Structure formats: structure tokens, C-alpha cells
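Working from the sequences, and respecting the hints, build out all of it.
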Amino acid sequence: MNRPLAVNPDHAIADPDVSTSDGSGPDRGWRQRIQSWRRDPLSAGIALLLAVLVVMFILVPVAAIFVASVRAEEGITLELYRTFLESEYYRASARNSLILGLASTLVTIGFAIPLALYTTRTRGPLTAGFRMVSLLPLVAPPFIFALSLITIGGRRGLLSQALGAVGIEGSIFGLHGIVIAQALGFFPVAYMLIEGALRSIDPALEHASRDCGASQLTTLRRVTIPAARSGIFKAFLIVFVLVLADFSNPVIIGGGQPTLASDAYLLIVGRQNLSMAAVVGVVLIVPSIAVFLLQRRILGDATGEASLGGGDPLPLNPGIRRICLTLSWIIIGAIAVMFAFVVAGAFVRTLGVNNTFTLDHFATSRGLGYIRNSLLVAVLAALVASVLGVIQGFVLARKDVPVKGFQEFSSLFGLAVPGTVIGIGYVLVFNGAPFYLTGTITILVLNMAFRNVGVSMSAAISKLHQVDTAYEEASADLGAGPIRTFWRVAVPLLLPAFMSGFVYTFMTTMVTISSVVFLVSPGTNLAAVYILNLANTAAIGEASAMSFLLICSVLAILGALRWLERRSNVGV
Amino acid sequence: MRALAKVGALTALAVAITACGGEDDSLSIYTHNDEDEMQGFVDAAEDATGLEIEFLRMSSGEALSRVQAEAPDVGADMMWGMTHSGALELESDGLLDSYHSEEWEDIDPEFLSEDGTWYGWSYWFNIIGVNTDLLDELDLDTPQTWDDLLDEQYEGEIIMPDPRESGTAYLVIAALMQIMGEDEAWEYLEALDANVGEYDQSGSAPAEKMARGEYAVAITWDQAVFDRIDEGFPVEYVLPEEGVGFDLDVAFIFENADNPEGAQELIDWLGTEEGMEVAATERALVTREDIEGTIDFEPNFIDYDALQAAEDNDRIIEEWIERFGN
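As they're listed, the protein sequences go chains A and B. FYI, in the working numbering the residues of the first sequence are 1 to 572. FYI, in the working numbering the residues of the second sequence are 1 to 326.
Hints listed in this document are in silico derivations from the structure and should not be mistaken for laboratory results. From a predicted model like this one, the values you see are computed outputs, not experimental measurements. Some hints here could point you the wrong way.
[What the hints assert, rightly or not] Covered stretches of chain B (in silico footprint by chain A; criterion: 3 or more residues with CB under 8 angstroms from a CB of chain A, positions within the stretch not fixed):
| hint | region |
| --- | --- |
| 1 | 54–62 |
| 2 | 104–117 |
| 3 | 238–252 |
| 4 | 267–281 |
[What the hints assert, rightly or not] Partial list, derived from the structure: chain B residues whose beta carbon lies under 8 angstroms from chain A:
| hint | residue |
| --- | --- |
| 5 | Ser28 |
| 6 | Glu35 |
| 7 | Glu37 |
| 8 | Ala44 |
| 9 | Thr132 |
| 10 | Ser204 |
| 11 | Glu208 |
| 12 | Gly213 |
| 13 | Arg323 |
[To be verified] Not everything, but these chain B residues come out facing chain A in the computed CB check (under 10 angstroms):
| hint | residue |
| --- | --- |
| 14 | Val42 |
| 15 | Ala205 |
| 16 | Pro206 |
| 17 | Pro260 |
We put the beta carbon where it would ideally sit given N, CA and C, even for glycine.
Below you can see the structure in the form of C-alpha cells.
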């Protein structure tokens with residue numbers, strides 16, 4: 001792909017409300033707007049259709065949560081909120097969720113920044129290795145490290161016994177255990193975003209800073225980190241939401257410490273108390289939305305940053321390099337060890353107790369069927385999300401269509417809503433007339449697709465912001481209609497956005513728990529939910545074996561996509 | 001065109017995966033049986049009947065509340081594996097279909113509902129499992145009675161399931177109420193709480209964690225402990241002297257099932273000698289008289305009243321949450 005032809009640096013800091021309205025001034029009147037719809041009814045139609053879908057599958061389920069939380073036999077009531085506020089237990093949950101949200105996110109980012117600094121500024125096999133290991137947790141269910149942590153640091157885990165022998169008592173169960181498990185599990189998300197942000201910084205800025213006499217520490221503090229702030233903030237938001245929505249780690253390793261997500265989960269699976277779960281969901285959604293709005297307000301849609309070229313980033317000086325390298329080794333080492341425990345756990349009787357080799361844990365007649373279900377749902381959801389996202393991105397960035405800001409907002413909103421909440425919302429909306437989607441593959445596909453549609457959409461928008469409209473205008477001038485222009489000019493340009501949306505949605509769906517756990521049924525059970533079930537009955541060997549198979553199948557598909565991509569680029 | 005080819009390839013991939021599965025005339029089952037044993041049961045049933053079977057495993061509490069929330073359009077045709085008290089509760093909600101299976105005619109009618117709404121296929125009962133290595137290491141006595149568990153030497157060393165999700169846990173609590181009377185049982189549970197290190201989501205997990213050495217004593221159900229003994233863990237079982245609660249494990253068909261014929265066929269097969277033999281490989285006792293389960297001793301069952309337990313379920317669990325859930 002060529003370097004972007006015309007980069008408008010304004011896009012990087014554009015106000016979100018006008019960021020998508022290129023070529024059409026923000027304050028055009030009603031009449032003009034309607035006229036332009038008439039001129040381009042196809043785009044307006046597509047935009048409206050997409051808006052309806054997004055409302056239906058993102059906003060309605062979330063709204064249903066609000067409604068369910070206040071609905072009484074007659075009229076509305078805030079009684080359940082009072083119950084929530086007056087309960088010592090729920091207050092503790094809320095406190096724990098907030099503590100975890102901040103602690104896990106800060107730890108994750110605290111390690112992601114040094115690793116990203118290291119890998120963007122140092123070449124060599126170590127960098128490649130670091131990058132590979134750091135991404136491993138993406139292809140495993142988010143709670144898998146909790147199982148390894150129990151083997152290591154449980155009441156009679158390997159490390160606990162070693163420490164116990166020298167008189168140090170302690171166990172992994174509790175908030176600190178959850179923080180470790182979540183930081184490891186969600187690390188790659190933060191790392192990818194921060195690395196991408198660091199990579200897109202113009203190295204000339206750093207060179208200029210150095211030339212003006214600033215030390216490297218000052219340059220990092222005053223130039224590099226601020227320039228990457230949008231990526232860092234985005235990482236903060238996404239990890240924060242993932243942590244808030246995660247109930248699997250708290251349930252497995254929390255030692256009875258309640259969190260909002262685990263309360264909502266237990267209220268539904270154990271008590272089928274949808275109203276109270278809805279209240280918890282509303283409380284859970286508030287901080288997520290706050291962070292989301294804050295991010296948009298402070299930063300706008302800053303995905304369009306692009307480097308102007310101009311050399312390599314400054315290499316790290318020895319002192320800072322040593323610090324980054326040490327922190328990188330800690331996190332990479334931890335991920336590698338946890339992973340080794342998963343693999344080892346799959347192939348021995350009981351890890352740490354009876355380490356004889358066995359293949360018994362793989363003896364499951366159903367597991368492969370669940371993996372097939374997961375693959376099916378993940379591929380379909382990824383297709384839907386990436387196709388719709390790219391079309392939406394194109395229409396929003398290039399066409400003068402109605403309710404632009406609202407559309408962009410709603411799609412991104414899908415990313416910001418905790419999975420637990422949107423899962424419960426789907427149960428409320430689609431579990432009966434007029435939809436009857438319960439128990440189908442469709443509900444799983446829709447759920448995962450619309451939660452992720454914002455990824456391809458924003459990728460497409462930022463891509464198009466980097467590319468001048470001249471191409472499309474030329475195509476139109478040469479007599480191509482809008483559809484032909486879209487296919488021949490825009491689609492090739494948008495392919496990277498399509499691929500990144502596809503891969504992201506595919507991977508997320510393969511390992512996700514938080515929303516689909518409420519939506520599976522006999523015949524549509526998913527591998528990750530099955531693994532959680534095995535983990536809940538403490539069948540760690542089988543859980544590890546299944547995770548191993550799941551990880552292998554995700555890697556196989558990603559490898560195949562990679563191959564496809566490379567092959568199709570031959571001769572370009 | 002490259003773009004088109006790529007999108008096309010992905011679509012083809014999706015279609016290929018879809019084509020590999022997704023039959024609609026399959027029989028769908030909810031179960032509280034552990035994944036491991038249920039996979040064996042279902043494989044055997046599929047071989048014998050030719051049915052295509054899909055199942056979803058949940059804990060009993062989870063299954064009960066899910067079915068009640070989904071009613072009247074329950075997302076499965078039947079349950080194979082549910083607590084007796086759970087079935088009675090669903091029966092009183094009017095959610096069970098009635099069917100008279102000829103294959104069950106020579107099975108003791110006390111295990112069946114009179115109007116064919118539920119079929120008792122096996123028993124399971126509460127049991128205490130102890131990790132002998134850990135008892136030695138920590139210098140603890142082997143508990144012999146429910147009362148022994150209150151001794152302060154076990155502080156933090158007992159693991160038991162949580163009745164919100166686990167039918168095993170509810171059986172413990174309901175049986176204690178029937179042994180001691182309700183008020184005394186609450187007092188007992190309060191005292192026991194001081195020694196309980198963890199309330200687990202599942203009825204089987206305590207046995208697994210005790211076997212691995214995380215806790216010395218597990219309150220759980222029979223097969224969970226026997227399986228750990230068979231796997232060679234340093235584990236022994238204890239049947240507390242006051243007696244234990246037992247539960248009839250039942251199967252039943254839901255009203256409005258999409259595939260009632262398939263469900264009836266499965267119920268038929270389950271009552272046959274072959275079906276009971278399969279069940280007997282994983283269960284201590286099955287309800288067909290001449291077939292031996294996995295144990296060769298007579299457990300000291302109390303005179304457990306499942307109907308009473310079903311009636312009290314909601315109230316007792318509410319109170320449990322009030323006392324211990326927070």
C-alpha cells in the first residue's frame with residue numbers, strides 16, 4: 001500500500017462531531033440536506049438501514065436494561081436501586097469493580113508502554129519474540145490464566161508451598177489475584193493499541209526534541225507519550241471496559257470478593273433475577289460510558305494520525321532501555337509461564353500433583369463440536385461486522401447522509417458497553433415475541449457482530465481520511481457509477497480496514513465469554529463457555545486441553561488468513 | 001477483483017463451516033450431570049437409539065432458574081439429570097409433559113411420578129471427602145459426623161458448594177434441616193460457616209479441589225469423591241453418622257417440546273437394562289433393581305422428603321443468602 005497521498009493533520013485532532021463530514025460543511029441547512037439525500041438516495045438509504053440495525057442491535061438491548069431496572073408491576077419504581085444502594089454487599093461489589101477497573105487497567109498499561117517503547121525502537125529476534133508472546137493471550141479465553149495462577153499460587157500451589165517452606169504465608173485468591181489474571185489476559189489489547197500509536201508518531205518530532213537539547217526522558221515525557229496519548233487513552237478505555245465486564249476471573253480466583261459483573265452473572269445464572277441484574281448492569285454501564293464520553297471529548301476521533309515519514313524513531317538510551325527491557329521481561333515471562341502451565345496442564349494427569357503424561361483430557365466426544373460452533377459464529381460475526389463496518393465507514397466519511405454523528409457514536413458505543421450488560425440486554429429483548437432468537441446461532445452472531453462493528457467502521461473512516469477523494473472523483477468523472485466506483489476504488493483502499501475488523505472480531509468472538517454465556521443453548525454451545533463450565537467444576541485438565549485445542553484452531557485460521565493475504569498480494 | 005476474491009473466500013469458509021453441522025431434528029437436553037459423565041451417557045444413547053442429541057450442562061440451580069425464566073418456551077426438549085426437588089418444583093409450575101413408558105413398568109413405582117411427568121433413574125447422595133495426606137500434614141482428625149466439622153481444628157479447611165447454584169449444596173442444607181429441625185440446622189450452618197474456607201459454584205468442584213490438596217475436607221456428592229479415589233488421589237470418603245440426604249436423579253420431558261418423540265424414545269431407552277447399565281457405570285445406585293451401581297455398601301440414608309425440600313427451596317435459599325451470601 002502506498003503512503004497516504006494527502007494527509008490532513010487536522011483530522012488527527014478534529015472535533016468528533018464534524019470529523020466525518022468532509023466535503024459538507026457542518027452547518028448546512030435542513031433544506032440542503034434533504035436535497036442532497038434526494039440526489040443520492042442510495043447512500044441515504046444504506047445509511048438509514050445501517051442506523052436502524054445499529055439501533056436495533058446495540059441501543060435497544062442497552063435501553064431494555066434501563067427499562068427492566070425500573071419497571072414495576074405498575075408504572076416505574078426506583079425500589080431496586082434503593083436496595084442496591086442500601087446493601088453493604090452491592091456497595092462492596094461496586095467498590096471492588098472500580099478498584100479492579102483502575103488497578104488492572106493501570107497495571108496493564110504500565111507494562112504495555114515500556115514493551116511498546118522497546119519493540120518500536122529495537123530490532124532483532126528478541127523484539128519479534130516479545131511481540132509474538134505478548135499477543136498469545138488474545139487467542140485464549142480471558143480466564144485461562146486464573147487457572148494457571150491457582151496451580152502456582154493456590155492455597156497449596158507450587159509457589160505457595162515453596163514460600164510456605166520459608167515461612168511466608170499467602171494465597172492468590174482475592175483482589176490481587178484478579179488483578180494479575182486480568183492484567184495478563186487483557187495485556188495484548190493495550191499493547192497493540194499503544195504500539196500502533198507509538199509507531200504512527202512522526203520520528204521527526206523526537207529528533208527535533210533531541211536537537212533542541214532535551215534528554216530522552218524529557219522527550220518521552222513531553223513529546224512521545226503526549227503524541228501517543230490517544231492510543232494510550234483508547235487502550236485505557238477498552239481494557240477498563242473489559243475488566244468491568246469480566247466475571248470469569250473474579251468467580252474463579254476472587255476468593256469470594258464480589259464484583260458487579262460477577263453479581264450480574266450470578267443473579268442471572270443462579271437466581272434468574274433479571275430485574276436486579278439489570279440494576280447492576282446499569283451501575284456497570286455508567287463508568288464505561290463516562291470513560292467513553294471523556295475520551296471522545298478530550299481526544300476526538302484521533303485515529304487518522306499518520307507519520308510523514310522521516311527516519312526511524314530515536315533508539316532508547318541505555319538507562320531507559322534497561323528499564324523497558326526489565327519490565328518487558330517481567331510481563332512476557334509471566335505470560336509465557338502461564339501459557340506453559342496451560343499446555344502442561346493439558347498433557348499431564350494433575351499438574352503439580354501427578355505429573356504423568358496422559359492424553360485422557362482430550363478424550364471428549366463433544367469438544368470438537370463446540371469448537372466448530374465457535375468457528376462458525378466467529379467467522380459469520382466477523383464477516384457481518386467487517387462488511388457492515390466498512391460500508392458504514394465509507395458512507396459516513398464520504399457521503400452526505402443523515403444522522404452521521406449519531407451513527408458513528410452508536411457503533412463505537414457498542415465497543416464501550418460491557419459484554420455482560422449487552423448480553424443481558426439481548427436476553428431481555430430477543431427472548432420472546434416478536435423475535436424468538438433464543439437458542440439460535442443467529443443471536444450469537446448478531447451479538448458479537450454488532451459489539452464489534454465499530455472496529456472496522458473507525459478503521460475505514462481513518463483510512464479514508466488519509467486518502468484524497470480525488471481517486472473517487474476521477475472514477476466518477478470517467479463515467480463510473482457510485483456502485484462501480486465503490487467496488488473498483490474504495491473497496492481496494494478499504495481492504496486493510498476490512499481485514500483488521502475481520503481479524504479482531506474473529507479473535508474476540510472465539511474466546512469471549514461475557515455476553516455469549518447468557519445466549520448459548522443445547523446445540524449452540526461455544527468452546528469458551530464450555531471451558532468456563534469445566535473450570536467451574538474444577539476439571540482443570542480438561543479445561544486446559546480444550547483451551548489448547550481452541551488456541552490451536554484460532555492460530556490455524558489466523559495463519560490461513562495471513563497466507564491468503566500474502567498470496568493475493570503476489571504480483572502487486 | 002482481489003478484494004472480491006478475498007471476501008468470496010471468507011464467505012465460502014463460513015458456508016463450509018455451516019454446512020458441516022446444524023441439524024434441526026436433533027433432541028436437545030438440559031442437564032446438571034457433569035460434562036464428563038454426560039458425554040459418555042449421550043454417546044451411548046446416540047449409538048443405541050440413533051437419535052442426534054445436543055445438550056447444555058448447567059448446575060441444578062442454574063437450570064431451574066433458566067427453565068422458569070424461559071417458560072413456556074423452554075429452550076430444550078427435556079432434562080436428563082436434575083434434582084428430584086427441582087423436578088417437583090417444575091412440575092408444580094405445570095412445565096412437565098406426561099408420558100407413560102412401557103420400558104419402566106418393572107421399575108419400582110416409588111421412583112416414578114404417578115402421572116408420568118418424571119422418571120427417577122439413579123440416586124446420588126451427600127458425602128464428605130477428606131484428603132488423607134493433608135489431614136496428616138496438618139495433624140487433623142478424620143471427621144466422622146456432621147457435628148465433628150464444627151471443631152475449630154478445621155478452620156478454613158472445609159470447602160462446600162453454594163446452594164444458589166448447586167443442587168448438591170441444597171441437598172446438604174435440606175437434609176440437615178430434616179435431621180436437626182430448621183432452627184438447629186441454621187445454627188449448625190452458622191457455626192460451620194466459621195470453618196468453611198470457600199463456597200464453590202459447583203457441587204463437584206469441592207471434591208476436585210480437596211483432592212488436589214487445596215482443602216482438607218470437602219462436602220460434596222458421592223461420585224465426585226469416588227472418581228477422585230479411582231484416579232489415585234490420597235482421598236477417603238466419610239459417611240457422617242447422623243446420616244446423609246440422598247436425591248433421586250430424574251429425567252423428564254418439557255411441555256411444548258419441539259421433539260417429543262425423540263424425548264420419549266430417550267426416556268424409553270433410559271429405562272431399559274442397557275440404559276440403566278450405562279447409567280450404572282457412573283452412578284452409585286440406579287433405580288432398576290437388578291443392576292449394581294458403583295458402590296458395594298449400604299449408605300445410611302435419612303428418610304429424605306424431597307417434596308418438602310422442593311416447597312422450601314426458595315425460602316431457604318433466600319435466607320441462606322441473607323446469612324452467608326453477603
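Evaluated hints:
Using a Cβ-Cβ cut-off of 8 angstroms, 8 residues of the region 54–62 of chain B lie near chain A, which meets the minimum of three, so the contact claim holds. By the rule of at least three residues with a Cβ nearer than 8 angstroms to a Cβ of chain A, the coverage given for the region 104–117 of chain B is violated, with 0 such residues. For the region 238–252 of chain B, the stated coverage by chain A is not satisfied: 0 residues place a CB nearer than 8 angstroms to a CB of that chain, which falls below the threshold of 3. For a cut-off of 8 angstroms, the count of residues in the region 267–281 of chain B with a CB near a CB of chain A stands at 0, and the three-residue condition is violated.
Among the interface hints, the one on Ser28 (chain B) holds; its C-beta lies about 4 angstroms from the nearest C-beta in chain A, closer than the 8 angstroms criterion. About 6 angstroms separates the beta-carbon of Glu35 (chain B) from the nearest beta-carbon of chain A, less than 8 angstroms, and the hint is met. Because the smallest distance between the Cβ of Glu37 (chain B) and any Cβ of chain A comes to about 11 angstroms, over 8 angstroms, the interface hint for this residue is violated. Evaluation of the Ala44 (chain B) hint against chain A yields a violated restraint, the C-beta minimum of about 10 angstroms exceeding 8 angstroms.
Taken as an interface hint, Thr132 (chain B) does not check out: its beta carbon lies about 14 angstroms from the nearest beta carbon of chain A, beyond 8 angstroms. Checking Ser204 (chain B) against chain A by beta carbon gives a least distance of about 5 angstroms; that is within 8 angstroms, so the hint holds. Among the interface hints, the one on Glu208 (chain B) holds; its C-beta lies about 4 angstroms from the nearest C-beta in chain A, closer than the 8 angstroms criterion. Interface restraint check for Gly213 (chain B): the shortest CB-CB distance to chain A comes to about 4 angstroms, inside 8 angstroms, so the restraint holds.
At about 12 angstroms, the closest approach between the beta carbon of Arg323 (chain B) and any beta carbon in chain A exceeds 8 angstroms, and the interface hint on this residue is violated. With a cut of 10 angstroms, the hint placing Val42 (chain B) at the interface with chain A holds, because the nearest CB-to-CB distance is about 8 angstroms. Taken as an interface hint, Ala205 (chain B) checks out: its beta carbon lies about 4 angstroms from the nearest beta carbon of chain A, inside 10 angstroms. Taken as an interface hint, Pro206 (chain B) checks out: its beta carbon lies about 8 angstroms from the nearest beta carbon of chain A, inside 10 angstroms.
A least Cβ separation of about 16 angstroms between Pro260 (chain B) and chain A goes past the 10 angstroms threshold, and the interface hint is therefore violated.
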